[in-house]
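So you can see what is in the structure, the chains are spelled out below.
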Amino acid sequence: MNKGKSIAEIHKDCVACGTCVKVCPRSALSVFKGVGVVVDREKCIGCGKCAKVCPAGVISIVGGASE
Amino acid sequence: MKKKWYDYLWLAELTYLCLGLFNILFAWLGMIFFVTPLVIAIFGGGKTYCNRFCGRGQLLGILGDKLKLSRKAVPPKFLRSKWFRYGFLAFFMTMFGLMIISTYKVFTGLPLRQAVTLLWVFKLPWQWADVSSVAPWVAQFAFGFFGVMLTSTVLGLLTMVLFRPRSWCVFCPMGTMTQGICQLKHGKEFKENGRKSEENRGTAENSGE
Ligand code: SF4
Ligand code: SF4
Ligand code: SF4
Numbered sequence: 001m002n003k004g005k006s007i008a009e010i011h012k013d014c015v016a017c018g019t020c021v022k023v024c025p026r027s028a029l030s031v032f033k034g035v036g037v038v039v040d041r042e043k044c045i046g047c048g049k050c051a052k053v054c055p056a057g058v059i060s061i062v063g064g065a066s067e
Numbered sequence: 001m002k003k004k005w006y007d008y009l010w011l012a013e014l015t016y017l018c019l020g021l022f023n024i025l026f027a028w029l030g031m032i033f034f035v036t037p038l039v040i041a042i043f044g045g046g047k048t049y050c051n052r053f054c055g056r057g058q059l060l061g062i063l064g065d066k067l068k069l070s071r072k073a074v075p076p077k078f079l080r081s082k083w084f085r086y087g088f089l090a091f092f093m094t095m096f097g098l099m100i101i102s103t104y105k106v107f108t109g110l111p112l113r114q115a116v117t118l119l120w121v122f123k124l125p126w127q128w129a130d131v132s133s134v135a136p137w138v139a140q141f142a143f144g145f146f147g148v149m150l151t152s153t154v155l156g157l158l159t160m161v162l163f164r165p166r167s168w169c170v171f172c173p174m175g176t177m178t179q180g181i182c183q184l185k186h187g188k189e190f191k192e193n194g195r196k197s198e199e200n201r202g203t204a205e206n207s208g209e
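Protein chains in written order, with our numbering: chain A, 1 to 67; chain B, 1 to 209.
Please note: incorrect hints may appear among the correct ones.
[Said to hold, decoys possible] No more than 25 Å apart at the CA atoms, straight line, and that leaves these computed lysine to any residue pairs for SDA-like:
hint	chain 1	residue 1	chain 2	residue 2
1	B	Lys68	A	Gly64
2	B	Lys196	A	Gly64
3	B	Lys123	B	Val138
4	B	Lys68	A	Gly4
5	B	Lys185	B	Lys68
6	B	Lys191	A	Ser30
7	B	Lys77	B	Leu157
To be clear, the hints were calculated from the coordinates, so they are not data collected in a lab.
With these hints in hand, go ahead and build the complete structure from the sequences.
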């Protein structure tokens with residue numbers, strides 16, 4: 001059963017560089033006070049664009065019908 | 001997205017490197033790239049420098065993305081680990097300290113060494129520079145500091161080609177320092193924020209994992 005939509009999840013090793021923020025088509029990402037990135041779960045559509053550009057490789061797309 | 005003035009700061013970075021090659025004393029201008037991020041982070045601006053104003057990050061992005069010079073491979077995991085990032089920061093600061101010491105030695109009378117050290121070992125002779133107009137220690141600092149800037153540029157370009165465009169940002173000492181400051185100031189808030197959104201997820205989607 002579909003437990004919800006797919007969504008970007010950020011690992012704690014995020015370096016807060018902000019690269020992902022710039023590519024998100026839904027403006028779902030923001031750098032929280034220079035510490036790390038937070039995902040707006042309402043806005044994120046799980047497209048995976050952010051995961052492709054993250055230089056630290058800390059974004060994964062989780063959830064969705066497949067899980 | 002509409003381009004803002006600060007989206008062109010990569011030009012400043014490029015100009016800086018060219019000016020430094022042309023006249024080593026311009027290396028001093030690089031202090032701006034050192035002090036600004038720290039000041040912003042200390043006074044509550046978070047990583048706005050990295051996220052908006054850093055010309056180096058932008059330049060690596062342009063070279064990697066627009067000019068397609070990057071392989072776009074995920075960097076190895078150790079690069080983003082705390083021990084590597086803080087280890088590199090410590091190493092970088094040690095080398096920076098040694099550079100300050102040699103500047104001080106010239107200040108106290110030792111002869112000026114006209115060379116730019118690349119990657120901490122390779123000494124590039126820099127005899128063409130005319131530094132007779134300033135005190136020897138001012139010139140010595142310029143040589144040392146330009147070495148720091150060139151070294152980080154070379155590492156940035158190398159990791160840009162090998163991995164993703166902004167891979168340098170993963171272990172850039174300035175990035176690590178500014179994030180470290182923000183973590184000290186807002187780390188707890190960030191954790192609480194994360195917990196709250198986890199709770200929201202539980203109620204909103206009612207997913208039993
Ligand atoms: S998966 Fe797509 S929509 Fe979601 S945060 Fe990443 S870029 Fe934005
Ligand atoms: S691109 Fe990756 S490391 Fe950079 S802020 Fe986004 S999640 Fe963090
Ligand atoms: S991590 Fe370093 S190179 Fe990257 S944006 Fe920040 S200061 Fe610039």
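Going down the list of hints, with the structure as the test:
1. B:Lys68 / A:Gly64: Not OK: Lys68 of chain B and Gly64 of chain A at ~32 Å, beyond 25 Å, violated.
2. B:Lys196 / A:Gly64: holds (21 Å)
3. B:Lys123 / B:Val138: With a Cα-Cα distance of about 19 Å, the restraint between Lys123 of chain B and Val138 of chain B holds, given a limit of 25 Å.
4. B:Lys68 / A:Gly4: violated (36 Å)
5. B:Lys185 / B:Lys68: violated (38 Å)
6. B:Lys191 / A:Ser30: holds (15 Å)
7. B:Lys77 / B:Leu157: Since the Cα atoms of Lys77 of chain B and Leu157 of chain B sit roughly 19 Å apart, the hinted pair holds (cutoff 25 Å).
Checked against the numbered hints given earlier, the structure breaks hints 1, 4 and 5 and satisfies all the rest.
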